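Read top to bottom, the protein sequences are chains A, B and C.
The first sequence begins at 1 in my numbering and counts up by one.
The second sequence begins at 1 in my numbering and counts up by one.
The third sequence begins at 1 in my numbering and counts up by one.
The hints are simulated quantities; they were obtained by calculation from the structure and are not laboratory data.
For clarity, every value in this text was computed on a predicted model and none was experimentally measured.
Any given hint could be a false lead.
Pairs count within a copy or across copies, as identical chains cannot be separated in the list.
In the BS3-like style, the derived pairs of lysine-lysine whose C-alpha atoms are separated by at most 27 Å in a straight line are [as the list claims (entries may be wrong)]:
hint, residue 1, residue 2
1, K27, K98
2, K278, K103
3, K269, K205
4, K223, K9
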Amino acid sequence: MLSIRNVSKQFVEKLFFTADNIHLRDKNSLAGKTLINAFFEPSTRTSLSFESAMYKMGGNVITFNKDVSSVKKGESFEDTIRTLSLYGDAMVIRHPEKGLVEKASNIIDIPVINGGDGDGEHPTQALLDLYTIYKSFPTLENLKILFVGDVKHSRTINSLIDILQFYPTNKLFFLPFENREPSSEFLYTTGIAHSQIMDNMLINKIDLDISFYDVIYCTRLQKERSDKEDSKVDIIIDKNMVNSMKDTAIIMHPLPRNEEIHPIVDNDKRCKYFDQMKYGLDIRMALLHELIKNQ
Amino acid sequence: MLSIRNVSKQFVEKLFFTADNIHLRDKNSLAGKTLINAFFEPSTRTSLSFESAMYKMGGNVITFNKDVSSVKKGESFEDTIRTLSLYGDAMVIRHPEKGLVEKASNIIDIPVINGGDGDGEHPTQALLDLYTIYKSFPTLENLKILFVGDVKHSRTINSLIDILQFYPTNKLFFLPFENREPSSEFLYTTGIAHSQIMDNMLINKIDLDISFYDVIYCTRLQKERSDKEDSKVDIIIDKNMVNSMKDTAIIMHPLPRNEEIHPIVDNDKRCKYFDQMKYGLDIRMALLHELIKNQ
Amino acid sequence: MLSIRNVSKQFVEKLFFTADNIHLRDKNSLAGKTLINAFFEPSTRTSLSFESAMYKMGGNVITFNKDVSSVKKGESFEDTIRTLSLYGDAMVIRHPEKGLVEKASNIIDIPVINGGDGDGEHPTQALLDLYTIYKSFPTLENLKILFVGDVKHSRTINSLIDILQFYPTNKLFFLPFENREPSSEFLYTTGIAHSQIMDNMLINKIDLDISFYDVIYCTRLQKERSDKEDSKVDIIIDKNMVNSMKDTAIIMHPLPRNEEIHPIVDNDKRCKYFDQMKYGLDIRMALLHELIKNQ
Numbered sequence: 001m002l003s004i005r006n007v008s009k010q011f012v013e014k015l016f017f018t019a020d021n022i023h024l025r026d027k028n029s030l031a032g033k034t035l036i037n038a039f040f041e042p043s044t045r046t047s048l049s050f051e052s053a054m055y056k057m058g059g060n061v062i063t064f065n066k067d068v069s070s071v072k073k074g075e076s077f078e079d080t081i082r083t084l085s086l087y088g089d090a091m092v093i094r095h096p097e098k099g100l101v102e103k104a105s106n107i108i109d110i111p112v113i114n115g116g117d118g119d120g121e122h123p124t125q126a127l128l129d130l131y132t133i134y135k136s137f138p139t140l141e142n143l144k145i146l147f148v149g150d151v152k153h154s155r156t157i158n159s160l161i162d163i164l165q166f167y168p169t170n171k172l173f174f175l176p177f178e179n180r181e182p183s184s185e186f187l188y189t190t191g192i193a194h195s196q197i198m199d200n201m202l203i204n205k206i207d208l209d210i211s212f213y214d215v216i217y218c219t220r221l222q223k224e225r226s227d228k229e230d231s232k233v234d235i236i237i238d239k240n241m242v243n244s245m246k247d248t249a250i251i252m253h254p255l256p257r258n259e260e261i262h263p264i265v266d267n268d269k270r271c272k273y274f275d276q277m278k279y280g281l282d283i284r285m286a287l288l289h290e291l292i293k294n295q
Numbered sequence: 001m002l003s004i005r006n007v008s009k010q011f012v013e014k015l016f017f018t019a020d021n022i023h024l025r026d027k028n029s030l031a032g033k034t035l036i037n038a039f040f041e042p043s044t045r046t047s048l049s050f051e052s053a054m055y056k057m058g059g060n061v062i063t064f065n066k067d068v069s070s071v072k073k074g075e076s077f078e079d080t081i082r083t084l085s086l087y088g089d090a091m092v093i094r095h096p097e098k099g100l101v102e103k104a105s106n107i108i109d110i111p112v113i114n115g116g117d118g119d120g121e122h123p124t125q126a127l128l129d130l131y132t133i134y135k136s137f138p139t140l141e142n143l144k145i146l147f148v149g150d151v152k153h154s155r156t157i158n159s160l161i162d163i164l165q166f167y168p169t170n171k172l173f174f175l176p177f178e179n180r181e182p183s184s185e186f187l188y189t190t191g192i193a194h195s196q197i198m199d200n201m202l203i204n205k206i207d208l209d210i211s212f213y214d215v216i217y218c219t220r221l222q223k224e225r226s227d228k229e230d231s232k233v234d235i236i237i238d239k240n241m242v243n244s245m246k247d248t249a250i251i252m253h254p255l256p257r258n259e260e261i262h263p264i265v266d267n268d269k270r271c272k273y274f275d276q277m278k279y280g281l282d283i284r285m286a287l288l289h290e291l292i293k294n295q
Numbered sequence: 001m002l003s004i005r006n007v008s009k010q011f012v013e014k015l016f017f018t019a020d021n022i023h024l025r026d027k028n029s030l031a032g033k034t035l036i037n038a039f040f041e042p043s044t045r046t047s048l049s050f051e052s053a054m055y056k057m058g059g060n061v062i063t064f065n066k067d068v069s070s071v072k073k074g075e076s077f078e079d080t081i082r083t084l085s086l087y088g089d090a091m092v093i094r095h096p097e098k099g100l101v102e103k104a105s106n107i108i109d110i111p112v113i114n115g116g117d118g119d120g121e122h123p124t125q126a127l128l129d130l131y132t133i134y135k136s137f138p139t140l141e142n143l144k145i146l147f148v149g150d151v152k153h154s155r156t157i158n159s160l161i162d163i164l165q166f167y168p169t170n171k172l173f174f175l176p177f178e179n180r181e182p183s184s185e186f187l188y189t190t191g192i193a194h195s196q197i198m199d200n201m202l203i204n205k206i207d208l209d210i211s212f213y214d215v216i217y218c219t220r221l222q223k224e225r226s227d228k229e230d231s232k233v234d235i236i237i238d239k240n241m242v243n244s245m246k247d248t249a250i251i252m253h254p255l256p257r258n259e260e261i262h263p264i265v266d267n268d269k270r271c272k273y274f275d276q277m278k279y280g281l282d283i284r285m286a287l288l289h290e291l292i293k294n295q
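Bound conformation, chain A alone (with noise of 0.2 Å):
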């Protein structure tokens, strides 16, 4: 599990059914496996989530994290590679560098997932995003989404939009920040790869009307990756906001959250964001017992 683009439509579909029944299964499945999380660059919630995915299945963690390593000793990327990988199962990967991930891949035996690699991609949490707008409309089509945030440099937008072309009758809208809008080359890329007209798809803040939309998915100012403070939270979900959507809409949201969706607004059942968390555990759960059960 490296890319999204490497992943079929079929494969998308089974793993989802397989999510939907993770919880019927033998709650032993991988008792006696271990999934290591190798972790070059921090990141809590996926590391804990692979990690609950794992004992719900009544597997084993194994942590690497890069500053306790022997690293420091000199070890080259590829060596504290080969040797995590015969203390367990599968491994999950997290890198600062694009592309290391698959690297890694290359040179061992046991299946690899992507955690993050830089600016590159996300797959699982791309899955984990589709699989919470399929709960909520299961055929997924014909859905009018709106991403919402610091659209410029999120890199779970761009894998959630790469996921979206299996299902073509679906149309995007973006609602950026200020001085976060997406640039004209990836609005016109994701309208040919779409099928859609460039023009209709970046919304002014005044021309806003929220009850158009079935998916609203917020992303929060990403300030570590930009050097000044040139944007702020401009577009907050708060109570009016949510009382003028369609009933059957749902708020998506990758967490953490800043300010940009207001805590009164959670226990509206539009709000989908923490189930959109538990969706994860299962669509990891579901990857980790195809990738690993069968070895």
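Got chain A sorted already, so can you dock chains B and C onto it with the hints?
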């Protein structure tokens, strides 16, 4: 399990009964269950003790430390707690701020155990302390209990006094380090709660007759809670003092210990501080068993 | 398992027999058992290897790192070890100070494994090294063994030489980096112990005939053990050198490796350093099995 003040005498006695028999139980009674150790302030001893307790019953543990968390990305305490709650079946929370553990318990659906909240409580420590006394004096009646050391700052002493109110025939006494005397309000309140006369409770080092007491509960000097070096360990449990104690007396200490108990007395049968650690495991196993088993 | 010097040839051979068959055993033979990894100095590789070994037999692991411990609150080494010992069924201790592991073993009741104590020993490394030789040369007789690299500082080489005394028909040779020659006392003592003539043991780079040796055991330059940059890696195992080796020779390295073995030779069948890691797991599984199973 948020506070000793929410606990009934009946609950305590049921828990002690469970703890007495915990090693006779199915060693796999919490298989497939996960405890979340959420530590917003470090505490090796409490963290490892709960971890060991889960493992002894076949369960797993996910450890969250604030230092490597999304808290850095500006996430609220509430969002962090909600997310963590999805990963397991019960949560131990330790937090430097009083009241935050109770706050957490109000926003999540799984059982919460207070692992210490600032100057607040540390209820499982009080339970294991009382359990240790009970293992030597099963009736918990008519004991003379002497608290030695940093009486002014000891959260442990406060919590044990709270739970001792269920057993009003015991008499409490205090032998503080220099400048670590309890306030007269503290003595007065304690005296009232335990129906005792205040004047007799505060013991002077010179008048000390150690042979009078059944339980000698020592604490270390909490240097980290005081700005200047205004105190010192001027009472040390040494061989002479132990030799003067009743044959049936017990010496307790919540550990870690510094110089207030000399290591030479560790093997005296009256020294119970390592047994206390062991009983702590039994109590925590019993508590986890009660909270998680029937979910 | 404190030192190679306490171990009999019979124990070693029994352990190798157990390791040979460890993957045929019940995968759950250590269910409900907990290993305590007590690391007073960091070592990812040793720590993760023991962790993986426990998981492969159904057991659990509690990891203690000095940096987050009550040691900060002034607790003694003895109290820390006693407390930790309550959490599990066996303990691996790594400590920067020679002799402290043995000290620990005298104050606690559970089995103790030396995971490396300063300039002292690292007995499980010696066992896995010998086991690796045994897997290629089952009789362990009449081998020519060449030690290459930082012979002066290598604890690994010292420990392997110790255990090789059980097999006196083997001949030992040394090919050191510049300024990392073993002392003549070391050569003399080794020569005596192995009934060999000292003059032949130290090999000159220019006279080297690599085709003569059965086992080539390389070590890295231990920069952290020397104040000034007085040495360099002036011997590199490269394609030319490997091509000149016997067809049946094996190349070993305790890892981590720096530039002393060129990665281009990694896939040569004579390179055994990754197998060595794998055998290390088997040996540690066998050792934990022997120490914990019958408690």
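Consistency of the hints with the structure:
no. : hint        : result
1   : K27 - K98   : neither (35 Å within a copy, 38 Å between copies)
2   : K278 - K103 : between (30 Å within a copy, 22 Å between copies)
3   : K269 - K205 : within (24 Å within a copy, 65 Å between copies)
4   : K223 - K9   : neither (34 Å within a copy, 52 Å between copies)
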